[in-house]
Amino acid sequence: FAARAASIRDNLRRLNMITLENWASESIRRREASMQTLVLLAVALAGAFALLLAVVAGLWLMYRENLNRQFALTEAHDRTRAAEATLRVSEARLREAQKIAKLGAWEVNSEGELYWSDETFNIFGLSRAEFDGTIASFFKRCHPEDIPKIKMAAREAWDTQSIYEVTHRIELQTGQTRT
1 FAARAASIRD
11 NLRRLNMITL
21 ENWASESIRR
31 REASMQTLVL
41 LAVALAGAFA
51 LLLAVVAGLW
61 LMYRENLNRQ
71 FALTEAHDRT
81 RAAEATLRVS
91 EARLREAQKI
101 AKLGAWEVNS
111 EGELYWSDET
121 FNIFGLSRAE
131 FDGTIASFFK
141 RCHPEDIPKI
151 KMAAREAWDT
161 QSIYEVTHRI
171 ELQTGQTRT
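According to the numbering used here, the sequence shown is numbered sequentially starting from 1.
A couple of the hints might just be wrong.
Said to hold, decoys possible - Think about it this way: if two alpha-carbon atoms lie no more than 27 Å apart in a straight line, the pair counts; the simulated DSS-like pairs of lysine-lysine are:
1) Lys102 to Lys140
2) Lys140 to Lys99
3) Lys102 to Lys151
4) Lys149 to Lys102
5) Lys140 to Lys151
Keep in mind the hints are simulated off the structure, nothing from the lab.
This one's a predicted model, so the numbers in the text were calculated from it and none came from an experiment.
Sequences are here, hints too, so could you generate the full structure?
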């Protein structure tokens, strides 16, 4: 039996197999290496988890910021709609007041284009399609004797940045004259 064990031991050494003592120390070394690997893996996982938490926290903050922006935009949109509704009511009241008073409003921009209110069109007896919004078209409807007075009042108001006020006659398409 001892000879047979010695033979097996020799065969194992030749085959580079380890002895029981070597096997125990090798097992301990591998277990320690595995533990080190597990520790490194745990540290890496903890770092990855911390990074993931940071990303999620950043996304949450961006989400909340976007919610706040959306709320602010919705609030601004609601205020704009309310202001537009108020403006429409105010414009309707102005049109009604001008109609009752038979008083029109107009303005001219820096290019000489005229804007007339609805009541101004009524006063001149014209539709929007019949008036091209030019100063020349306006003067065509003024009494020829009043044109110099109108031009002088307009020039003075422009030069002094004051209110333009002049009473003049207009000639309607029916041939009738209004003051």
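Against the structure, the hints:
{"no.": "1", "hint": "Lys102 to Lys140", "verdict": "holds (21 Å)"}
{"no.": "2", "hint": "Lys140 to Lys99", "verdict": "holds (24 Å)"}
{"no.": "3", "hint": "Lys102 to Lys151", "verdict": "holds (23 Å)"}
{"no.": "4", "hint": "Lys149 to Lys102", "verdict": "holds (23 Å)"}
{"no.": "5", "hint": "Lys140 to Lys151", "verdict": "holds (13 Å)"}
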